[in-house]
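Chemist: As a plain string of letters, each chain reads:
Protein chains: 6
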Amino acid sequence: MTRVAIMNAVRHTTILAGGLCLMLSASTIGHAQLFNFSHQDLIDYTAQNPFERLSDGRPRVPDEMIARARGLSAEEIWEVLEDKQFHNQYADGFRVLYPGKTMVGRAFTVQFMPERSDVDNVAVAKAKARGIPELTNQTAIDMLQPGDVLVVDLFGKKTDGTIVGDNLFYYVMKATHGGGLVVDGSVRDLDGISEIDMPAYFRSVDPTPVGNVMLTGINTPIRIGGVTVMPGDLVVGDREGVYFIPPQAVKDVLDRADEIHIHDEWTKKKFDEGKYKSSEIYGSPTDPKLRREYEEYLKKRLEEIRSQRNSH
Amino acid sequence: MTRVAIMNAVRHTTILAGGLCLMLSASTIGHAQLFNFSHQDLIDYTAQNPFERLSDGRPRVPDEMIARARGLSAEEIWEVLEDKQFHNQYADGFRVLYPGKTMVGRAFTVQFMPERSDVDNVAVAKAKARGIPELTNQTAIDMLQPGDVLVVDLFGKKTDGTIVGDNLFYYVMKATHGGGLVVDGSVRDLDGISEIDMPAYFRSVDPTPVGNVMLTGINTPIRIGGVTVMPGDLVVGDREGVYFIPPQAVKDVLDRADEIHIHDEWTKKKFDEGKYKSSEIYGSPTDPKLRREYEEYLKKRLEEIRSQRNSH
Amino acid sequence: MTRVAIMNAVRHTTILAGGLCLMLSASTIGHAQLFNFSHQDLIDYTAQNPFERLSDGRPRVPDEMIARARGLSAEEIWEVLEDKQFHNQYADGFRVLYPGKTMVGRAFTVQFMPERSDVDNVAVAKAKARGIPELTNQTAIDMLQPGDVLVVDLFGKKTDGTIVGDNLFYYVMKATHGGGLVVDGSVRDLDGISEIDMPAYFRSVDPTPVGNVMLTGINTPIRIGGVTVMPGDLVVGDREGVYFIPPQAVKDVLDRADEIHIHDEWTKKKFDEGKYKSSEIYGSPTDPKLRREYEEYLKKRLEEIRSQRNSH
Amino acid sequence: MTRVAIMNAVRHTTILAGGLCLMLSASTIGHAQLFNFSHQDLIDYTAQNPFERLSDGRPRVPDEMIARARGLSAEEIWEVLEDKQFHNQYADGFRVLYPGKTMVGRAFTVQFMPERSDVDNVAVAKAKARGIPELTNQTAIDMLQPGDVLVVDLFGKKTDGTIVGDNLFYYVMKATHGGGLVVDGSVRDLDGISEIDMPAYFRSVDPTPVGNVMLTGINTPIRIGGVTVMPGDLVVGDREGVYFIPPQAVKDVLDRADEIHIHDEWTKKKFDEGKYKSSEIYGSPTDPKLRREYEEYLKKRLEEIRSQRNSH
Amino acid sequence: MTRVAIMNAVRHTTILAGGLCLMLSASTIGHAQLFNFSHQDLIDYTAQNPFERLSDGRPRVPDEMIARARGLSAEEIWEVLEDKQFHNQYADGFRVLYPGKTMVGRAFTVQFMPERSDVDNVAVAKAKARGIPELTNQTAIDMLQPGDVLVVDLFGKKTDGTIVGDNLFYYVMKATHGGGLVVDGSVRDLDGISEIDMPAYFRSVDPTPVGNVMLTGINTPIRIGGVTVMPGDLVVGDREGVYFIPPQAVKDVLDRADEIHIHDEWTKKKFDEGKYKSSEIYGSPTDPKLRREYEEYLKKRLEEIRSQRNSH
Amino acid sequence: MTRVAIMNAVRHTTILAGGLCLMLSASTIGHAQLFNFSHQDLIDYTAQNPFERLSDGRPRVPDEMIARARGLSAEEIWEVLEDKQFHNQYADGFRVLYPGKTMVGRAFTVQFMPERSDVDNVAVAKAKARGIPELTNQTAIDMLQPGDVLVVDLFGKKTDGTIVGDNLFYYVMKATHGGGLVVDGSVRDLDGISEIDMPAYFRSVDPTPVGNVMLTGINTPIRIGGVTVMPGDLVVGDREGVYFIPPQAVKDVLDRADEIHIHDEWTKKKFDEGKYKSSEIYGSPTDPKLRREYEEYLKKRLEEIRSQRNSH
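Residue numbers (the numbering used here), protein chains in the order written: chain D, 1 to 312; chain Z, 1 to 312; chain A, 1 to 312; chain F, 1 to 312; chain W, 1 to 312; chain U, 1 to 312.
Just so you know, the hints here were simulated from the structure itself, not pulled from any lab data.
Possibly wrong hints are sitting among the right ones.
For identical chains, the list gives no copy identity; a pair is met inside one copy or between any two copies.
[Said to hold, decoys possible] List of simulated lysine-lysine pairs, DSS-like, C-alpha gap at most 30 Å:
1) Lys-275 - Lys-299
2) Lys-101 - Lys-269
3) Lys-101 - Lys-268
4) Lys-84 - Lys-174
5) Lys-299 - Lys-174
6) Lys-275 - Lys-101
7) Lys-277 - Lys-128
8) Lys-289 - Lys-128
9) Lys-101 - Lys-158
10) Lys-275 - Lys-251
11) Lys-269 - Lys-299
12) Lys-158 - Lys-289
13) Lys-289 - Lys-101
14) Lys-84 - Lys-289
15) Lys-277 - Lys-289
16) Lys-174 - Lys-101
17) Lys-275 - Lys-158
18) Lys-128 - Lys-299
19) Lys-299 - Lys-158
20) Lys-268 - Lys-174
21) Lys-84 - Lys-277
22) Lys-277 - Lys-251
23) Lys-158 - Lys-174
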């Protein structure tokens, strides 16, 4: 992205910042924003979070679970979330920058709405009154932390809907330690972005800089496709789409995934033997003897995996 | 809509009601809602409103202007809003129930998001704590006032995205005195709705009742297509699309429309004479004598219109 | 449709007629066709049919119920079919010839597949061996009976996918006594068709005659959008889409519709009084006194409707 | 359309006018234009025209044939044009202003391309040098003659792609005596246009005036959808789409249509008798006696029609 | 795919199995199925097959021809099939798992239709009566043989339309010896599938297991896009789409391909010389001397290829 | 592409060649064509060209600039063209053959229109009269020169809209020295094309040869998506889309790109230090000291780049 371009973006992209108070202390940076979705609101609406919280109030899915989640696929997550009656946590239809590279991290949410000067001017004034000199996409980007995935609602906008070009994409990669990006909107500088090692999911690509929009939320609930995303959700992107896992479901998803991996391992081993029809083995063995064999295998492998995990 | 159906809808559609306090007094009913967009926020973000306010805090474009606005077309509005740098106040792509009937009224905004039980449960608890027993689409509909247009963000949802069937459509008609409906979503019972005299703009029609969503805003800023709609905007729908006019621009739009009507009247009269090429008359007459003729005509007709208007 | 055109159509549209034996007796005309879906198959797969059967084996929903069904809307049908676990009986996305005119009748199903000469030639030979000289769309159309709706799978084909023009549309109207047409394909001669009084649902319109297809089924199970349609289903089309009701569900749908009509009648009456919020009345009255009032009204009106119906 | 709007349009819409020389004499007005498609080119490329020519060089399908063509439907035209190996003369996918009103007239073609200032400036200079002060959509519109249909390539543009609003639509109606409009682009002021009695086919509607385009052809060959349209083609629009008939095919189309009308008349009469299966009558009667009956009917009715026509 | 998921699938996916009799003998396994498309029907409708047949009745294009077919591209097939009046044997619009890897094999066809419990229950009962305990996608998959390509009509279904996940995809790969998959529907577990070496063509990817459908055909004629696919067709998939070649055309396609390969070889060699314009060489040389040169080259190379082929 | 196929193409694809005179002299070969867009027109409409011209009249952007342009991305071009009021020079929505390989070259433009025999026959006769024996896509392809990019308007046609297969693609690669191809239409033989080292941008792929079209322009202004392309424009294709740069803007684009590359280099270096928020560095440093540092860096690097460039 060029200097002229970003100036243009700055001109068009101001923040709708009722109650914004970014500079006061470390504990409030980026915690909550616009239309008064307060620090307390964030805590209330994510009350089932079983983990610690980040300084900005978001649930903090532990690093160790983020590491384990790199082995997940969307289908494994589907099963546990269906069981828990979460039917709307999956979004697809993105262009996927690195199809073979799983994206995992904590959701840092940002919302834009179509620019409207009368609303915009109020927001700018409110922000200035709180000591924030300028309100752009970079205001949000500067708040990112290691382990975050930047999740942005730009309502599918292509022209003027480019959340980042290669420079800011590079910054996001550095700031999040390669966390990732999901944008219901576009990016620019795809040639440059394609040389930077961070997963990204976007709707389209355009040469224009972001503009004709106003920033209306940082770490508020947002909508991406058919999903309500909450700040701190565990974001998992595979070759095809993105799951947003409520923190309270993360452990069950990971534990169930261990079993599924072992089940797949055993199933393929049996298929390799070439003696069985698929329905004799899969979903579960029809022959009681085989079933017992599987159950023992499962038990043994689970123990191995766990002891291996603990030994690290 | 059937009883069973609506029960189903109730089950799936609960309200996200941080700070909701509906029953306290007439002055707060429906004024502001979820994620704490307060009465004061509503007033701050519509500070340029030159008119009185409704008890819920929304700007109250006067009835007399609503009546005059029935003569507007989207194209006339376009010119004034462009001049005022409002480039994003028009939405189209709707199915229009009555193409020949202009819709005019004050925006009463409602927002839904995809259902997510952990967030939903918190909202239900918060609402209960404030004395609101049940949270459905009807919670919002019951707050409508005469002159309102119900404007709903259901994020384009078709299945389970039907804001009303014919029964509630009838109620909305009664409550708003025929104001109207704009929904970025669907309706059901189109056969029944087609017998009720109220303008409506919707994306699709489906036999399912609304469900699998949660109500997240009443009279908050919402997005309809590429428009940020504010509560109290003057909504004008014509044969093709819908304009959302900020209250502070309404008078200029109406006054300019008077001139455009007279200009069109005169232009057609001249074309009827059959003596001129289109470019000799339109946009403005090339011949100075004709231009003078037009200017006198404009002046005379404006006076007539205004004196006629005042005499009512 | 012109003579040259139909010759062309005949050339391209031959019937895939394993087991076709049309001329033997009245009891087998049109009963079943291709790929050996036999008369017995038709009876087996519609075994729950509570009514008599047509001579071709299809369930015969009684005329009196067809008459009552003219008052149905898709939404009323939805409720009963959902209860009975029929989730896939509704198709929409059609162009509707007469939006204000309900279509009701018994499904007469026809299936086409993309032309393929090696298969086609076998079918033609098999048909000839059974005394059928020519195999075209008219072979099926000639079997229609009063009360039928012609339901055709032309796999969404526009060019060369026109099941009828105005001449054959006129014939279908005469033969079915104005029953109707649903085609997942197109029609031609829309100007002519628009002067003929029969409901029709089609995907598109094209000037070409039908061609480059082969007829592969008459009164076999077919797919229209997301619906498996069985011969003899009660077809009900409203302003927006088409329901295919299994015969065994027809009575419940009609009875439930009586209640819904009365419920809507009462609800609107109450709304007209202007004393109630929508949620006090609808889905069902919250006040026990009102609820009792409603129940008495329901009972009385049901009796009136039924006695009125019996007196005819 | 407003004055301010059209000024804007004028600013953006200039004509690419190599060789334009409008003012010299009546015989050259509007005859040919840009990129040097000369009067002689127009005559060469329409050399098969059997009729007189308009002063601008276009073939002049006689008024009497235009009147007869009002009874045509697209399907009747299809047959003759297929026979003559014209496979690409039909365009659809338009919004049709008056579905029940056939559009007939001589094609007056106009082409726009995306604005590009370096090319535009040359065109403006060339036009000025030839005495044309200003180049807008109105330059073309001012050349329309009675019996014309304005056919415009705006490459499907919606925003800024509105060839006319209600004022210019009114002028076009007056100038062409209600001929009609086909635009692969949009119109504005649909509310106003809907009160004016002229057929129109357009892709979309938008509140913006035309802009960001340059006029690059008047009465040159243009493309509308999959059709190459030549100036002077007979344009026939029905309820669904538009045919562009080369002048040399017009007579055959009209004569064949007479036969088709009689054929349809007779076919329906026979169907009304209720004695025949569709395939016994249509496409042509299978029974030799019936075929003879039809042939006599055809002969008699053709004579009636022709003598009736001649008597006018 | 997980165990829970497949159980769900089993519940929803039952087979419509009139006449199914899988277990009787090797000669009938998988030969023909539902709606009584019998073993004899399969043989009749593929009567032009010049090769042996598989035990299930399908034509058996020889392994040696399958091997040669790996060098084909869709364009080479196009020419011969056009000549033979097969205009509808190509389908595209798929996502292609391995764009650089040609898919070749014998079509094993499977058809699903939208679930409908009344029909489904009959099918289940009929199947049980014939000793088939359970009817799922695996019923069909278990019948696959080496050299098969699994071709599935799931009518474009995405959600609940996933014919396989990675476990069953692995089984199909093993059972067909890497033959391949074409599904007018979706797959799940794309991350897992991407590690398995078998070509696949699908419309979409989804995390849900297959459901809400019923199996209605195994090795019956089915439709994939605009193609009627017959069991035993030679399936050839390239980088872009899939051809379904009737067995009787296979030899001509392969022989013609030899010539085209040589023609391309010679053409490129000539272009490499840099002395000729494209039209002097291609499609065929204009200079008689060059043409002779080419014909000699063709003859020589054909002999080489054939002798080389025979020596294997 | 096969011989039979191309014969077919020849039959359908003839050139509309008013004034075509290819063989007279080197200076006129391919310079300008149909509808009389003359050599002089080409020069007039590209009068701002600051460079020499090719023998066919097109601006000749120097080879050295073509080489530098390989480092451009669309976003860098965007900035300069916006400044110069070129808002419409970018097209996307193509399939990109080699996403990682930048395409650069001089536009050689070709236009097709839907076939129409009456127009076609005139063109063929005019061409014959000038000694051109045959008019096909190869007529244009044979005129290509080193450094050209072939840019073709086939109006988005898929079936029969394939400008080249692998043989002609190979020829184009040889003739242009790997310049490239942009076609608003399709290609065939993608398997073969994927082995040839030349960038290509196309809308779709199809097995049919080009047909049912007529060639109507060579090196005339054409439209690709929303762009008016002039012969001789510098074409730059990146991973996502294609820019058509007017020759007079090329130098500014390249010089500005140098600065942007240095700016990006410095920005990333600073981000690597990990001490700054993104907004402190980008678009431009907020701290005056940093800004100075940047300016010195820019100056130094610009000098290095330029001296390096001159030394080659």
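Chemist: Look at each hint and say if it fits the structure.
Modeler: For each hint, the structure was consulted:
1. Lys-275 - Lys-299: The answer is within: 24 Å in one copy meets 30 Å, while 49 Å across copies does not.
2. Lys-101 - Lys-269: Classified as both; 25 Å inside a copy, 26 Å across copies.
3. Lys-101 - Lys-268: both (23 Å within a copy, 23 Å between copies)
4. Lys-84 - Lys-174: neither (35 Å within a copy, 35 Å between copies)
5. Lys-299 - Lys-174: This pair counts as between: shortest inter-copy Cα distance 27 Å, intra-copy 41 Å.
6. Lys-275 - Lys-101: Intra 35 Å, inter 28 Å, cutoff 30 Å: inter-copy only.
7. Lys-277 - Lys-128: between (70 Å within a copy, 19 Å between copies)
8. Lys-289 - Lys-128: Result: close only across copies, 25 Å inter versus 72 Å intra.
9. Lys-101 - Lys-158: Both ways: Lys-101 and Lys-158 sit 25 Å apart in one copy and 23 Å across, limit 30 Å.
10. Lys-275 - Lys-251: neither (36 Å within a copy, 35 Å between copies)
11. Lys-269 - Lys-299: Result: close within a single copy only, 16 Å intra versus 51 Å inter.
12. Lys-158 - Lys-289: The answer is neither: 57 Å in one copy and 37 Å across copies each exceed 30 Å.
13. Lys-289 - Lys-101: neither (39 Å within a copy, 40 Å between copies)
14. Lys-84 - Lys-289: Classified as neither; 32 Å inside a copy, 40 Å across copies.
15. Lys-277 - Lys-289: Within one copy, since 16 Å is at most 30 Å while 62 Å is not.
16. Lys-174 - Lys-101: Intra 17 Å, inter 27 Å, cutoff 30 Å: intra and inter.
17. Lys-275 - Lys-158: Result: close neither inside a copy nor across copies, 53 Å intra and 32 Å inter.
18. Lys-128 - Lys-299: Neither: 61 Å inside a copy, 35 Å across copies.
19. Lys-299 - Lys-158: Neither. Shortest intra-copy (50 Å) and inter-copy (35 Å) distances fail the 30 Å Cα cut-off.
20. Lys-268 - Lys-174: between (39 Å within a copy, 10 Å between copies)
21. Lys-84 - Lys-277: neither (33 Å within a copy, 35 Å between copies)
22. Lys-277 - Lys-251: Neither, since 34 Å and 34 Å both go past 30 Å.
23. Lys-158 - Lys-174: within (25 Å within a copy, 37 Å between copies)
Checked against the numbered hints listed earlier, the structure breaks hints 4, 10, 12, 13, 14, 17, 18, 19, 21 and 22; every other hint is satisfied.
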